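Chains as they are written, first to last, in the numbering used here: chain A, 1 to 186; chain B, 1 to 81.
Rather than coming from a laboratory, the hints here were simulated on the basis of the structure.
Where hints are given, some of them may not hold.
If you anchor each label on the Cβ, the simulated ranges turn out as follows [to be verified]: (1) 35(B) - 33(A): 35 to 41 Å; (2) 38(B) - 7(A): 52 to 58 Å; (3) 55(A) - 49(B): 24 to 30 Å; (4) 59(B) - 58(A): 28 to 34 Å; (5) 21(B) - 22(A): 35 to 41 Å; (6) 135(A) - 53(B): 17 to 23 Å; (7) 31(B) - 36(A): 34 to 40 Å; (8) 11(B) - 133(A): 19 to 25 Å; (9) 25(B) - 151(A): 22 to 28 Å; (10) 33(A) - 28(B): 23 to 29 Å; (11) 18(A) - 71(B): 28 to 34 Å; (12) 35(B) - 168(A): 19 to 25 Å; (13) 6(A) - 38(B): 50 to 56 Å; (14) 162(A) - 28(B): 31 to 37 Å.
Chain A stretches covered by chain B per the calculated footprint, using a threshold of three residues with CB under 8 Å from any CB of chain B [said to hold, decoys possible]: (15) 51-62; (16) 139-147.
Which residues of chain B face chain A? A few of them, derived with a C-beta cut under 7 Å, are [claimed, not checked]: (17) 8; (18) 37; (19) 38; (20) 39; (21) 44; (22) 48; (23) 58; (24) 73.
Computed from a predicted structure; not experimentally measured.
Here a beta-carbon is modelled for each residue, glycine too, at the ideal position from N, C-alpha and C.
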Amino acid sequence: MVRWAREGFEPAFRELVHRYERPVFSLIYRMVRDRALAEDLAQETFVKVLNAIRSYKPEYKFSSWIFKIANNAAIDHLRRRQIDTLSLDGSPTARSPEEMHASAPQLGDQTESPLDEVESRELGGAIERAIARLRPEYRSCILLRHVEGHSYEEIAKMLALPLGTVKTYIHRARNELRVYLEGARE
Amino acid sequence: MNERLQTHLTPEEVELWATGLLSAARTFHLTECAECLAVAERERKLLVELAQLKRFAPSAEFAEHVLAQVRIPTPSGSHNG
Numbered sequence: 001m002v003r004w005a006r007e008g009f010e011p012a013f014r015e016l017v018h019r020y021e022r023p024v025f026s027l028i029y030r031m032v033r034d035r036a037l038a039e040d041l042a043q044e045t046f047v048k049v050l051n052a053i054r055s056y057k058p059e060y061k062f063s064s065w066i067f068k069i070a071n072n073a074a075i076d077h078l079r080r081r082q083i084d085t086l087s088l089d090g091s092p093t094a095r096s097p098e099e100m101h102a103s104a105p106q107l108g109d110q111t112e113s114p115l116d117e118v119e120s121r122e123l124g125g126a127i128e129r130a131i132a133r134l135r136p137e138y139r140s141c142i143l144l145r146h147v148e149g150h151s152y153e154e155i156a157k158m159l160a161l162p163l164g165t166v167k168t169y170i171h172r173a174r175n176e177l178r179v180y181l182e183g184a185r186e
Numbered sequence: 001m002n003e004r005l006q007t008h009l010t011p012e013e014v015e016l017w018a019t020g021l022l023s024a025a026r027t028f029h030l031t032e033c034a035e036c037l038a039v040a041e042r043e044r045k046l047l048v049e050l051a052q053l054k055r056f057a058p059s060a061e062f063a064e065h066v067l068a069q070v071r072i073p074t075p076s077g078s079h080n081g
């Protein structure tokens, strides 16, 4: 299918989207926990991958390539969001607590949007909430390993991490999940 | 009993057991070690829960939105679309 896409066969592009849209969207959705945002990031992932299809190296699994880009998109977003959250404390160039306070956005001006019913239904179960509490790096690893079924070696390549680190992350993530779930059931 | 059988299962071996891929020799350890068996059972329960997580579908227009932004390469190397 990828070879046909590389040769410019339009139905092959459609088929690749069809095959991977659910797993890619699901990974991103579980990472960012926002349906609309996950859809944008998944779209961005497919556009990036399909527009670069000619540079795809067949010795690398296509699924590993697309999940790598999807995961990067989600992690980049989470990092940006963390920076935005930190900036609520005020300007990083402020030289005194007064300046910092004066430059901080007024949170009282913002109204919190109501919890989206669909997201709540989809991501509201105990296991989904436990996954959401994991660090993003652990979350990626556990989803790629135990939901998508990639090998440890594939995950190490996708995330550009040493194999030992991937094993450690997955082991710790499983321990944390068990603790959260046991706590939730008590 | 050899020394290997007395060693507790590693996290990777527990995962192999939970997915039915652990060697018979190492699986035997579970018949003798209640501690490892308890860990393995908890692990299997978690892995089953993870494996049963559903895949979510994006909106019905997702593929069209993607394809509208993709440049289909032509055999000569230029792009259409």
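Status of the given 24 to 30 Å range, CB of residue 49(B) versus CB of residue 55(A):
At roughly 38 Å between Cβ atoms, residue 49(B) and residue 55(A) fall outside 24 to 30 Å, so the hint is violated.
Residue 38(B) versus residue 7(A) beta-carbon gap, inside 52 to 58 Å or not
holds (55 Å)
Could you check the hint for me, namely that residue 6(A) and residue 38(B) are 50 to 56 Å apart, CB to CB?
For residue 6(A) and residue 38(B) the Cβ distance comes to about 51 Å; the hint holds.
Between residue 135(A) and residue 53(B), does the beta-carbon spacing fit 17 to 23 Å?
holds (19 Å)
Next item in the hint list is residue 8(B). Is there a CB on chain A closer than 7 Å to its CB?
violated (14 Å)
Given the hint of 28 to 34 Å, check if residue 59(B) and residue 58(A) actually sit that far apart at their C-beta atoms.
holds (31 Å)
Is it true that residue 11(B) and residue 133(A) lie within 19 to 25 Å of each other by Cβ?
Roughly 20 Å apart at Cβ, these two residues keep to the hinted range, so it holds.
Could you check the hint for me, namely that residue 35(B) and residue 168(A) are 19 to 25 Å apart, CB to CB?
Holds, at about 22 Å.
Taking the beta carbons of residue 33(A) and residue 28(B), is their distance inside 23 to 29 Å?
Once the Cβ atoms are compared, 43 Å apart, the range 23 to 29 Å for residue 28(B) and residue 33(A) is violated.
Interface hint check: residue 39(B), Cβ to nearest Cβ on chain A, cutoff 7 Å. Holds or violated?
Constraint on residue 39(B) not satisfied, violated at 10 Å.
A closest beta-carbon separation below 7 Å is what the hint needs, so does residue 37(B) meet it against chain A?
violated (15 Å)
Does the Cβ distance between residue 25(B) and residue 151(A) fall inside 22 to 28 Å?
holds (23 Å)
Checked against the numbered hints above, the structure breaks hints 3, 5, 7, 10, 11, 17, 18, 19, 20, 21 and 22 and satisfies the rest.
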